[in-house]
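Each residue of the sequence shown is one higher than the one before, counting from 4 in this note's numbering.
Hint data in this document are derived by calculation from the structure and do not stem from the laboratory.
Treat the hints with care, as some may be off.
Below are the BS3-like pairs computed for lysine-lysine, each with C-alpha atoms no more than 27 Å apart in a straight line [stated by the list, open to error]:
no.	residue 1	residue 2
1	Lys122	Lys91
2	Lys131	Lys91
3	Lys91	Lys5
4	Lys5	Lys131
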Amino acid sequence: MKVLFVCVHNSARSQMAMTYLNHLGEGRFQAESAGLEPGALNPHVVDVMAEEGFDISHNPVNSVFDFYRQGRQYDLVVKVCEQSAGQKCPIFPGARRNLAWDFADPSAFTGSREEVLDKTRQVRDAIKRRIEEFIRVFSVEPLKGSSNG
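Build the full structure now, drawing on both the sequences and the hints.
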């Protein structure tokens, strides 16, 4: 199943979700990530993912518009923006299914370095739990017409 995770900058939440799905999905999923306004990877996210054994420091930061212009197709697009805070999240036309998962934006965290890292870890752990649940559900009930279903 081809999955695209989208958020505003492709610097934090979508990168974590993509990394976890590609790793925990054990080859059953092909995940990519992109953003509306791509920026640099969030250094706190790079640090907390390294704590989990993932080096994402060289991951590309992608534009959802570039993926669309390239004609990429996905079975599922998952928005991981903080929509409850009014954050605009990109759409990707043509996906068989769309989901929206509301996660706080690590780029908005304030406080000491350790406080920001703690908040970022909470988001990381919430994304990991959501990915684990996603894998359980979609391993039992894959999307009709997907490459794995």
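Going down the list of hints, with the structure as the test:
1. Taken as a hint, the Lys122 and Lys91 pair is honoured in the structure, with Cα atoms around 21 Å apart against an allowance of 27 Å.
2. For a cut-off of 27 Å, the pair hint linking Lys131 to Lys91 stands: about 23 Å separates their Cα positions.
3. For the hint linking Lys91 to Lys5, the alpha-carbon distance of about 23 Å falls within 27 Å, and the restraint holds.
4. Proximity of Lys5 to Lys131 is assessed by CA-CA distance (about 18 Å); at most 27 Å being required, the pair is judged to hold.
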